[in-house]
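So the chains spell out like this:
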Amino acid sequence: MKVTIESLRSDILKDIADISGENVAECYQCGKCTAACPVNQAMDILPHQVLRLLQLGLVDEVMNSKTIWICASCFTCAGRCPRDVDLANVMEAVRVLLLRERGASRIKAEDMPEILRKGMPEQGIVSGFRKYAK
Amino acid sequence: MRYSYYPGCTLKTSAAVLEESALNAAKALGIELVEQEEWQCCGAVFPLATDEIASFLSSVRSLDAARSAGEKLVTICAACHHVIKRANHVIQSDGEVRDKVNNYLELDNYYSGQGEAIHYLEMLRDDLGFDKLAEQVKEPLTGRKIAAYYGCLLLRPAKVMQFDDAEDPSIMEDYLSALGATPVEYPYRTECCGVYLSVNNEEIAAGMVKKIINSARRSGAEAIVNACPLCHYNLLELQDKTPQGEPVLPVYYFTELLEEALGVKREVEEKTR
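Going down the list, the sequences are from chains U and P.
Numbering of the first sequence is given in our numbering, commencing with residue 1 and proceeding in unit increments.
Numbering of the second sequence is given in our numbering, commencing with residue 1001 and proceeding in unit increments.
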């Protein structure tokens, strides 16, 4: 990991800020988001670390993480943030950039029979495809 | 009392029992829920990306139709309520999105967020009143220890949803008390069940469900009630069902107990639950 002036000025950081509507510089690393996260044990980068990496312009570490796909958008982190940073929005911005520009879909139409076989309700199917595919 | 009613996709399909029980109970309470003529899927998840505007159209169509009818818009599914209520908030607070949505929809009147989206539970609490509800209970659920599961979508973000205290809610417990049941409070009642992680990360969601179920069980719950078809699926289907495990903790939609307490319970085939 190397922090450079170029990475701090990268277009992708601007895209994440624009799409999320969040200013990651507001975060002062208290760790409440990580403490609040019900799924942090399955993550490779913890929620507060996602914000720190983005503050340092280390976008690739975040984009290549499992964490962004494990975040369940439960909004607990944002509710407990003393700096009003909505991390769920930041996670979404990283996901949509990957889905829109790098074809990173995690589920495909071919997966549908198996999903249906499980008895997944329509709400789950639509949510899954909205979050994991383009 | 008369309301515009937005059902959503899942209440017409795999969660039909949620719609049927809710409408049946409403009828018994003298509440008229009039299904909107042209509703469309809410999209199931609220668009968190600020440049995703098309996803608001379905919500705004329904909100505007309810506003035109001079009625509040009632939802029963927690996800639909979440999406529609948040969409209305964006329309109220973001002029650029508001203009774009209006330009696209070409409604008879400019829509600026005057509609009001409420959840069925809010209708019972704020419009009917839990005290009045209690008076109409014919078969109180006396002695039944029920754990309310809130999940995420009704409560958060608290500033927008304004459903209850997001960290320490009581609406569902108060509701259960009105029905004569004994509400069981437990630490994990507002924790996420894993939502759509069950689509392709089932083990992770199952771990989340386990914590919720164990927490409710330890607090003495005999059953769980909830208001979300996906929570319902996760809590029930991802529960530990190994032979050496404890018997499955029953999971009900909150409206199923309402029907029962009002004395209008219908026979429901187990598979539709």
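Hints in this document: simulated from the structure, not taken from any laboratory.
Predicted model, so just to flag it, every value in this text is computed and none were measured.
Glycine included, every Cβ here is placed at the ideal spot set by N, Cα and C.
Fair warning: there could be bad hints in the mix.
Stated by the list, open to error - With the C-beta cut set under 8 Å, the calculated list includes, among others, these residues of chain P facing chain U:
#1 D1051
#2 A1054
#3 A1166
#4 D1168
#5 C1192
#6 N1200
What the hints assert, rightly or not - In silico DSS-like pairs for lysine-lysine, Cα to Cα no more than 27 Å straight-line:
#7 U:K14 / P:K1138
#8 U:K134 / P:K1211
#9 U:K118 / P:K1012
#10 U:K118 / P:K1100
Against the structure, the hints come out as follows:
Because the closest C-beta pair between P:D1051 and chain U is about 6 Å apart, less than 8 Å, the hint holds. Because the closest C-beta pair between P:A1054 and chain U is about 12 Å apart, greater than 8 Å, the hint is violated. A cut of 8 Å between beta carbons decides the hint on P:A1166: the least distance to chain U is about 6 Å, and the hint holds. The beta carbon of P:D1168 is not positioned within 8 Å of any beta carbon in chain U (closest approach about 12 Å), and the interface hint is therefore violated.
The interface hint given for P:C1192 holds, since its Cβ lies 4 Å from the closest Cβ of chain U, which is under the 8 Å cut-off. For P:N1200, the interface hint holds, since its Cβ comes within 8 Å of a Cβ in chain U; the closest pair sits about 5 Å apart. Straight-line distance between C-alpha atoms of U:K14 and P:K1138 comes to about 60 Å, which puts the hinted pair past the 27 Å bound. Of the pairs offered as hints, the one joining U:K134 and P:K1211 is violated, with about 32 Å between alpha carbons and a cut-off of 27 Å exceeded.
Straight-line distance between C-alpha atoms of U:K118 and P:K1012 comes to about 18 Å, which keeps the hinted pair within the 27 Å bound. Pair hint U:K118 plus P:K1100 does not hold up; C-alpha atoms about 39 Å apart against a cutoff of 27 Å.
In summary, the numbered hints that this structure violates are 2, 4, 7, 8, 10.
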